Amino acid sequence: MSDPNPITALQRELLKLGCPVKITRRIVREAAEHLEDLEQAGVASGLTPADATTKARGQFGRPDELAQRHMEALRNSSWWGRYPLLGFGLMPLGSVVGVGFLCWLWNMSGFPLAPNFTRFPIHYPWLWTWSFPLFCGFVMALIGLVTVYYCRHCLQAGLGKRWIWAMGGLLALHGLCLHIDSRQVVNLESPPVVLRDEKTALHGKISITFLPPTDLASGSRPMDLSGALSVFKVRHPIKGAPDEILVLKPGENPGYNPGDEWVPADNVMLSDQIAAGWADIQQRQLFEAEDFLSEPGWTASVHPLSTEKYPRSFQKFISSNVEFGHFVWLGEETIQAPLPTLAYGWPRLASNGGWPSWINAALPLLIVAVMLACQKRTGQRLQVDLACANLTAV
Amino acid sequence: MNKTAKTNPSFLNGVPELLVLRLLARRAMYGYEIVKEIQLQTKDALAFGEGCIYPYLHYLEAEKFVKSARREVEGRSRNYYELTRRGHKRLAALENEWSRVTLAVAAVKGAQYV
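Here the protein sequences line up with chains A and B, keeping their order. When we follow this note's numbering, the leftmost residue of the first sequence carries the number 1, and every step to the right adds one. When we follow this note's numbering, the leftmost residue of the second sequence carries the number 1, and every step to the right adds one.
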């Protein structure tokens with residue numbers, strides 16, 4: 001035995017093998033009491049304290065063997081410990097199906113914050129603005145809860161780090177699959193045939209998710225956002241092409257002259273492509289709703305963010321990470337624009353473009369790391385407690 | 001290493017469960033007391049590392065055959081274990097099984113000398 005003190009050695013072995021701190025504390029306490037009894041019995045039988053201690057330690061058994069036995073007993077005393085492959089290999093996959101089902105329910109049940117809910121768009125436009133971020137949050141909360149659930153059982157069953165990381169890896173893989181970007185991979189220098197009919201100046205899709213009720217009532221100026229600074233995220237349909245952000249503010253006479261309604265804000269950075277596209281929009285007066293609809297492959301995405309209302313960092317985060325809906329025209333009834341099927345081949349569970357999939361994937365791994373770190377830290381505190389209580393001086 | 005610290009393999013084959021449950025059926029005991037009682041009553045026939053009793057007790061507690069509680073006796077706080085109703089049923093089943101096995105073994109053993 002490398003450690004002359006069997007109690008600290010036992011505790012160290014237990015923590016190393018993944019024994020929960022609460023159980024470790026109890027085991028160590030009982031062991032210390034037992035050793036104390038053995039030593040007292042030795043002294044009572046006439047041994048010197050040193051001999052009694054040596055004999056007591058011999059009678060008690062080797063700490064590493066005892067720790068192994070404790071862990072075996074712990075693992076055999078719970079279903080999770082007896083069937084780890086089933087509990088942490090297969091069941092998380094089943095939970096993934098459950099998460100998908102709940103997401104489907106969220107979208108299909110008519111819940112007002114579901115991304116495809118369009119029943120009261122005129123009276124509750126804010127629902128449209130927040131439906132996609134909330135849906136993303138809902139998905140991530142579910143993944144997080146599932147991870148915590150399995151982590152907790154894994155730690156309680158004393159299965160150690162290997163199974164926890166395996167389970168976290170499975171859920172991370174699921175997070176990656178939640179947001180598969182199925183846009184076609186093509187060489188940007190030779191545009192694909194499928195994009196021939198689209199605007200060559202701006203290979204982007206813009207969707208409208210929110211319009212003020214005043215515009216909806218007028219039915220003719222869907223881009224008039226009543227003075228709010230707006231962030232347009234232009235997403236390239238070709239995988240690998242960088243997304244572009246347009247920050248726009250109202251022109252001098254918003255809402256009346258289509259060409260004057262919107263101008264780039266001071267901080268806007270326009271690429272040549274976007275600038276050309278913007279000029280083309282202005283030239284052809286595409287702000288009229290009918291024109292928008294008539295353009296093949298064009299949908300509009302507008303997220304009105306007021307600089308006074310939100311911090312710039314938040315705007316930046318939302319603009320660069322969240323792509324909002326796909327509605328192009330809000331008149332007497334809502335029309336959902338047909339998405340270009342070649343640009344979005346697969347239905348994407350994570351909110352039609354939510355935040356990057358690596359965030360979904362990182363969440364379970366982060367939770368696993370935090371829970372393991374917490375357990376380790378609590379174990380270190382236990383060692384300190386023991387040293388203070390002098391329990392080991394048996 | 002002390003000779004008695006080595007675990008007797010037979011201790012792991014269901015016997016300890018019967019012994020521990022039998023002892024706890026009489027009265028609540030703590031770990032050290034159980035070990036000493038086993039050594040006393042078996043006249044040290046069953047030798048094992050004394051620390052091995054605790055994994056067994058914890059396992060039995062997880063299976064709800066015994067329950068534990070801290071008690072203060074003679075100025076010292078101990079973790080006392082006592083049998084539950086489920087533990088009594090388990091003990092009865094184990095004793096029946098044990099009787100059946102010993103009778104069978106005795107019959108075979110007796111037959112050798114016929």
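To be clear, the hints were calculated from the coordinates, so they are not data collected in a lab. Any given hint might turn out to be false.
[To be verified] Restricting the straight-line Cα-Cα distance to at most 16 Å, the calculated cross-link-like pairs of lysine to aspartate or glutamate (EDC-like) are:
no., chain 1, residue 1, chain 2, residue 2
1, A, K16, A, D51
2, B, K36, A, E72
3, B, K109, A, E72
4, B, K89, B, E17
5, B, K89, B, E37
6, B, K89, B, E63
Note that the structure is predicted; figures quoted are calculated from it, not measured.
We went through each hint and held it up to the structure:
| no. | hint | in the structure |
| --- | --- | --- |
| 1 | A:K16 <-> A:D51 | violated, 30 Å |
| 2 | B:K36 <-> A:E72 | violated, 24 Å |
| 3 | B:K109 <-> A:E72 | violated, 35 Å |
| 4 | B:K89 <-> B:E17 | holds, 13 Å |
| 5 | B:K89 <-> B:E37 | violated, 22 Å |
| 6 | B:K89 <-> B:E63 | holds, 13 Å |
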